[in-house]
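Given chain A's structure and the hints, the job is docking chain B onto it.
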Amino acid sequence: MNLTLKIWRQANTSAQGKMQTYPIENVSPDMSFLEMMDVLNEQLINKGIDPVAFDHDCREGICGMCSMYINGEAHGPDRLVTTCQLHMRKFKDGETITIEPFRANAFPVVKDLAVDRSAFDRIQHAGGFVSVNTSGNTQDANAIPINKHDADNAFDAATCIGCGACVASCKNASAMLFVSAKVSQYALLPQGKVEAADRVLNMVKQMDEEGFGNCTNTGACEVECPKGISLENIARMNREYLVASAKG
Amino acid sequence: MSGLIKSSLARKYAMALSGLFLIVFLLQHFTINLISVFSEEVFNEVSHFMGNNPIVQFILQPILIFGVLFHFTMGFVLEYQNRSSRAQNYAENKGSANSTWMSRNMIWSGAVILSFLGLHFVDFWFPEMNYKYIEVLPENPNRYFEEMVHKFVSPVRVVLYAVSFVFLMLHLLHGFSSSFQSVGLNNKYTKALKSFTIAFSVVIPAGFIFIAFFHHLNA
Numbered sequence: 044m045n046l047t048l049k050i051w052r053q054a055n056t057s058a059q060g061k062m063q064t065y066p067i068e069n070v071s072p073d074m075s076f077l078e079m080m081d082v083l084n085e086q087l088i089n090k091g092i093d094p095v096a097f098d099h100d101c102r103e104g105i106c107g108m109c110s111m112y113i114n115g116e117a118h119g120p121d122r123l124v125t126t127c128q129l130h131m132r133k134f135k136d137g138e139t140i141t142i143e144p145f146r147a148n149a150f151p152v153v154k155d156l157a158v159d160r161s162a163f164d165r166i167q168h169a170g171g172f173v174s175v176n177t178s179g180n181t182q183d184a185n186a187i188p189i190n191k192h193d194a195d196n197a198f199d200a201a202t203c204i205g206c207g208a209c210v211a212s213c214k215n216a217s218a219m220l221f222v223s224a225k226v227s228q229y230a231l232l233p234q235g236k237v238e239a240a241d242r243v244l245n246m247v248k249q250m251d252e253e254g255f256g257n258c259t260n261t262g263a264c265e266v267e268c269p270k271g272i273s274l275e276n277i278a279r280m281n282r283e284y285l286v287a288s289a290k291g
Numbered sequence: 180m181s182g183l184i185k186s187s188l189a190r191k192y193a194m195a196l197s198g199l200f201l202i203v204f205l206l207q208h209f210t211i212n213l214i215s216v217f218s219e220e221v222f223n224e225v226s227h228f229m230g231n232n233p234i235v236q237f238i239l240q241p242i243l244i245f246g247v248l249f250h251f252t253m254g255f256v257l258e259y260q261n262r263s264s265r266a267q268n269y270a271e272n273k274g275s276a277n278s279t280w281m282s283r284n285m286i287w288s289g290a291v292i293l294s295f296l297g298l299h300f301v302d303f304w305f306p307e308m309n310y311k312y313i314e315v316l317p318e319n320p321n322r323y324f325e326e327m328v329h330k331f332v333s334p335v336r337v338v339l340y341a342v343s344f345v346f347l348m349l350h351l352l353h354g355f356s357s358s359f360q361s362v363g364l365n366n367k368y369t370k371a372l373k374s375f376t377i378a379f380s381v382v383i384p385a386g387f388i389f390i391a392f393f394h395h396l397n398a
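Same order as they appear, the protein sequences are chains A and B.
According to this note's numbering, the first sequence is numbered sequentially starting from 44.
According to this note's numbering, the second sequence is numbered sequentially starting from 180.
It should be emphasised that the hints constitute simulated quantities derived from the structure, not laboratory data.
It cannot be assumed that every hint is accurate.
Claimed, not checked - Beyond 12 Å from chain A on every Cβ pair, some chain B residues (computed):
#1 Asn212
#2 Val328
#3 Gly386
Claimed, not checked - For each label pair, taking beta carbons as the anchor points, the in silico distance ranges come out as:
#4 A:Lys133 to B:Asn397: 56 to 64 Å
#5 A:Asp241 to B:Glu307: 26 to 34 Å
#6 A:Asn84 to B:Ala193: 43 to 51 Å
#7 A:Asp73 to B:Leu296: 52 to 60 Å
#8 A:Thr47 to B:Trp287: 28 to 36 Å
#9 A:Thr139 to B:Tyr368: 41 to 49 Å
#10 B:Glu307 to A:His168: 55 to 63 Å
#11 A:Val237 to B:Gln236: 48 to 56 Å
#12 B:Leu293 to A:Thr47: 43 to 51 Å
#13 A:Lys133 to B:Gln267: 20 to 28 Å
#14 A:Ala58 to B:Ala193: 36 to 44 Å
#15 B:Thr210 to A:Ala186: 57 to 65 Å
#16 A:Asp241 to B:Ile238: 39 to 47 Å
Here the structure is a predicted model, which is why all the values come from computation and not from measurement.
Just so you know, even glycine gets a beta-carbon here, dropped at the ideal spot from N, CA and C.
Next up, chain A with everything else stripped away, as it sits in the complex:
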């Protein structure tokens, strides 16, 4: 496959960025998108051009690092995949592919396609945990009876890898799907109920402080989420927040 890549280049957070066009030849349809980017970078290095910076780590769809906005969609045109799981066979020979970083004020560009998603870390620090006694008397989690339906829903919420595709896809750059998944994964389990009120209040407060937009229920986040996190989590967080606020 021969392709034309239009890629956002930006030297650093404060620099002015712009789209740059690069032709790339002999791309295998079996390559992953990141492998194609590796080939491009090899070609750029050989020409003495600064390679394109992009985030990646596990390359098997579980770390959530690869964060590209490809042809107008987070992680490209495929569904339920991260960029590393996107294959070049999804594109046509001769196609022009636009590649941009995830865009939100809360995700400043570090360089080119790499963005700073530490806002998610700070939200997690605000309440995305359970306090467990680890002094040697830790109770086996399996000793606590949990309704199968709740356990499944908690697990589904916990599959969120914090990639930020929800924020990138939302027209308002809202982080509600991510935060609601992190709230839900504990709110549904008995271990998480003790701190449930503080958790949701603190995580929403931190989310607002990070400068994400407001959720208007477009549902784009759910469609673009590589893990299929459901909007039901947002409804659950809305309920949790209302109840927690009423309790004071």
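Positioned in the frame of chain A, the structure of chain B alone reads:
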């Protein structure tokens, strides 16, 4: 509680609840308008009651006006905040790949509805307030039907009404079901509820359009 008031979720609840309140009013308004198709006499009786009952005039009407002002002011504030949360837009963005046109353009459908409300106030509300509270003209319980039909003589006004109600339909198609999600209702009944909201969003605006054309053609 102060945290709740300042939070983004409070704005979400407020938009949903004010929207649901306006939908209840819309249904009540539609019911009264529909009466005009069947009976001039009953329409006049109901309109006279609504226009002269002190509870409706001095309690419900101010609440309604507050609800309208709150909903659209908050809508514009949220739109501004949301646009500000992404300073650099995408060079290419396929919104249609993951969301409906209605959900992405609530601000534009809302702006058309707001413009329509301006026309509606000029047509009906301002003359009514002038009649009752400024000029204090003697009440004629049989005037309402004729006043209403007179407004629909103009084909331009009828078309403007029809276009506005199409935008109301688009606004409701997202807003009605969305308001339940906003207040935390998303469960096994959501699918049925969504079907109901879609039917409501199409039937009620279509009914308003029908009533406008009905009186235009019978005027």
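Taking the hints in turn, this is what the structure says about them:
| no. | hint | result |
| --- | --- | --- |
| 1 | Asn212 | holds (30 Å) |
| 2 | Val328 | holds (39 Å) |
| 3 | Gly386 | holds (26 Å) |
| 4 | A:Lys133 to B:Asn397: 56 to 64 Å | holds (58 Å) |
| 5 | A:Asp241 to B:Glu307: 26 to 34 Å | violated (52 Å) |
| 6 | A:Asn84 to B:Ala193: 43 to 51 Å | holds (49 Å) |
| 7 | A:Asp73 to B:Leu296: 52 to 60 Å | holds (58 Å) |
| 8 | A:Thr47 to B:Trp287: 28 to 36 Å | holds (34 Å) |
| 9 | A:Thr139 to B:Tyr368: 41 to 49 Å | holds (46 Å) |
| 10 | B:Glu307 to A:His168: 55 to 63 Å | holds (57 Å) |
| 11 | A:Val237 to B:Gln236: 48 to 56 Å | holds (52 Å) |
| 12 | B:Leu293 to A:Thr47: 43 to 51 Å | holds (44 Å) |
| 13 | A:Lys133 to B:Gln267: 20 to 28 Å | holds (26 Å) |
| 14 | A:Ala58 to B:Ala193: 36 to 44 Å | holds (40 Å) |
| 15 | B:Thr210 to A:Ala186: 57 to 65 Å | holds (58 Å) |
| 16 | A:Asp241 to B:Ile238: 39 to 47 Å | holds (40 Å) |
Of the numbered hints stated above, the single one contradicted by the structure is hint 5.
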